[in-house]
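A.B. asks: Next come the chains, spelled out residue by residue.
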Amino acid sequence: MATVLRQVLQMFERAEAPLSVRQMARELEITPAMLDGMLAYWVRKGKLRRVQPGQACGTCGKAARCPLVAHLPPAYELVREGEPPLPPCPLSEEHHAN
Amino acid sequence: MKTCCSSPPPKTASPPRPAEAQHAQPPTATAPVIALAGNPNVGKSTLFNALTGARQHVGNWPGKTVERKEGIARIHDRDLTIVDLPGTYSLNAYSSEEIITRDFLVNEHPSLVIAVVDAANLERNLYLVVQVLELGVPLLLALNMADAAHKRGLRFDLPALSERLGGVPVVETVGSRNQGVDALRERIHECLSRPAAPPQVAIDYGQPLEREIAALEKRIAADPILSRQFRPRWLALKLLENDEDLRARLEGAGYQELLAAADQAAARVAEQSGEDPETLITDRRYTFIADVLRGVVQRTHDNGETLSDKIDRVAAHPFWGVPIFALAMWVVFQFTARVSAPFVDWIAAVLEGPLSDWTLALLDVLRLGHSWVASLLVEGVIAGVGGVVAFVPVLASLYLAMAILEDTGYMARSALVMDGVMRKIGLHGKSFLPLVVGFGCTVPAVYATRTLENETDRKLTGFLTPFISCGARLPVYVVFSAAFFGAHAGSFIFALYVLGIAVALGTGWLLKHTVYRHVPPQPLVLEMPPYRLPNWPNIARQVWTRTKSFLHNASTIILMSSVVIWLLLALPSRPGVGRVADVPPHDSVFGVVSRALAPLFKPAGFGAWEASGSLMTGFVAKEVVISTMSQLYVDEPSTDQAPLEAERPDLLADLGEIARSFGQATLLTFQEAVNIAPRTLSLLPGVHLPELNAFTPSEAEEADNTRTLELALQREFTQSAGSPARGELAAAAFNVFVLLYVPCTATVAAMRQEFGTRWTLTQMAYALGVAWLFAVLAYQGGLLLGVA
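Going down the list, the protein sequences come from chains A and B. Everything in the first sequence is counted per our numbering, starting at 1 for the first residue and increasing by one. Everything in the second sequence is counted per our numbering, starting at 1001 for the first residue and increasing by one.
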């Protein structure tokens, strides 16, 4: 039987709909705090990626100060084999509305 | 050969910093060393301060930029050296902090390690504790931030926890309030008063791991240097975990044979279990933690379900979440359009009235009253920039509503709900992120497509982002809804936003089933923040930052555009039609070009050249549509008084009127804010709640307050379409066109940079086609349905 850690990855592969961390923890019958640690393990192993779209168009730290970017929750996603790293965001701090 | 396989021992800290040196007091050579270890943000430093007071010494760890804090605690008349180790989640060698912590625990052999954990997140925090236990060092566990855990209904059976962790003493603390610190001191004293006894606990890693651990352990134990420095079982585990830092050190010290044996053991484990040893070991540790905590942690007032969970059962429900999100957006646009309207009118009245009059009076004094300078300042700058600045309350209201949604945690849920909708249509789950960003501004939304790792998904999502209505388009909707749709202004704007989303999703569905059909959707797991009450200072800061950005835009792009448009309006298109700055607008260069485009929009009901001219300039930035209209209609006075023949201003009377109208706008804003609740509840079938109208101006006052631009729009669109009802349809069609047509220059530049010229031109052509089609459908469809 697959380990709980492996089941975390399998849930990402099989999920039909978006999930929240708490929903995922409930389905795995573990606490969100434990799942948090498990997600961090897979991020360290390069199997998952944690993106923070609310702060930086998802890609750079500078745009965290971009006033027009909506603040959204961080998200985890699978990293596919041989996938290139995300390019940096070209927006400067002094970004203005269109 | 085999001398040492550890990094230089961190015995000596770098010199103390000058500001802190006055408190520095090097520890005595004989003082027992106590290490504080724990995850980041668990209040470790607070406990460190509580234990040591001012007797601290701050420097860096040798060769690292990581801060090293050391201090002296006096417990039962005995000085103890307390070392605050860097916050880490584990003892693996993934970061400098982890290596420093591990090296300290392995090489320095502290007399006691205090593992500080966040009591509310024990399951995650205990992972580090388990690794420290495996090191075999004397341990004391501090469940810190216990107050927060108690508030969440968590209670701990401390004796049971201690027993399951092999006799590790456990104490609850609240470092920030100095609670439990005395008990912690007592436990430290007790631990140090008896012979050092490492906790007796061993995790069963099961077969085949245990067999390989035992073999490696035996091999390590047989080596006097390694067995003196490391606990053999711990090192065996680290080797099976493929710890790169330790492997490099062992390789440098000549332990190739041991490493080869570890590699073979790891390969056997992987072959027999179908899983790599590191994942197996990590999983077993979590299983151990779950077993330890079973029955030790009790929840007193819920079954692990928080209030946020309960709200989410409805608000983030795959089905009900969608209408709730739509309702939330409806309220946002009611708020944006209705609550801000009184102040929009107030600013516009000040700009059109006293400010223009004062400017003209000043120019008269300077003998420039009837020159091109007056025309530039009043018809160009004040009308153009002022026309946009008047909408600051609208944008501020939108930003306020968005900030409240973000701060309370609802925006995160809307992302979850929208993600579900997108995936049902067949779009990539993550496409919703750039689209939500697009409600603010399309430029960062285009760049936000970079979060999609697949190029096809990126291009597809980038294609859709311009259809999501950005903040810059809002002033256009507001001025038109105020001129034509009165009490239904909020619903009209809401409908436009819904149309934008529908066109984006429809286009996505179309492309997904034609051009981009092969890409599988990727699931997403979102970290949902708990719902919370708004933090008003934080919200105020966000609203100000965003509004400032809008104002900055008005002072640069809009100002420049206004001057260029004024110039094009001031230049005669051919000789004999007038002089520079004294030419009928329709004979100016701008007028001639706009007139050439106007017939294209006749089927959509707005065939007047002013409308087509405004759309043309809207390509620079969408707010410029309003700025241009303000300039055009100021040049075509509808009142009795010519715009540049201002009355002699009476400063005091003007100031009095400004103050009076400000008060009236404030009361009206209050009334509109109060009315949102009954208006929203009245959406329910059979419900009709009365609204507050104590401050509603009389019809005469309202007519007086109506802006020149709104009156001009009513007049022009009615005239162009043929009747007031047809004028309303034409106004709606115009807004549909503004919503959907080519994005602004900044967005086009961003799209070209991200997706190339050909793709960008395709998007622009598609957007123009769709905008024209929908505008014509809105107008002609309305006529066919007998709306007009």
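Warning: the hint list may mix true and false statements.
[Claimed, not checked] Output of the computed footprint for chain B on chain A, the stretches with three or more beta carbons under 8 angstroms from beta carbons of chain B:
hint, segment
1, 21-31
2, 36-42
[Unchecked claim] Computed footprint of chain A on chain B, listed as stretches where at least three residues anywhere in the stretch have a Cβ under 8 angstroms from a Cβ of chain A:
hint, segment
3, 1250-1259
4, 1508-1514
5, 1524-1536
In short, the hints are calculated from the structure, not lab data. Heads up, the beta-carbon is just placed ideally off N, CA and C, and yes, glycines get one too.
A.B. asks: Now tell me if each hint is right for this structure.
C.D. replies: Right, here's what the structure says about each hint:
Closer than 8 angstroms: that is the beta-carbon criterion, and the segment 21-31 of chain A has 5 residues meeting it against chain B, so the requirement of 3 holds. With a cut-off of 8 angstroms between beta carbons, the segment 36-42 of chain A has 6 residues touching chain B; three or more are needed, and the interface restraint holds. For the segment 1250-1259 of chain B, the assignment as covered by chain A is violated, since 0 residues bring a beta-carbon within under 8 angstroms of that chain's beta-carbons and 3 are needed. Here's how the segment 1508-1514 of chain B fares: 0 of its residues keep a CB closer than 8 angstroms to some CB of chain A, so the rule of at least three is not met and the hint is violated.
Restraint check on the segment 1524-1536 of chain B versus chain A: 6 residues with Cβ-Cβ distances below 8 angstroms, three needed, restraint holds.
The structure fails to meet hints 3, 4 from the earlier list, while all remaining hints are met.
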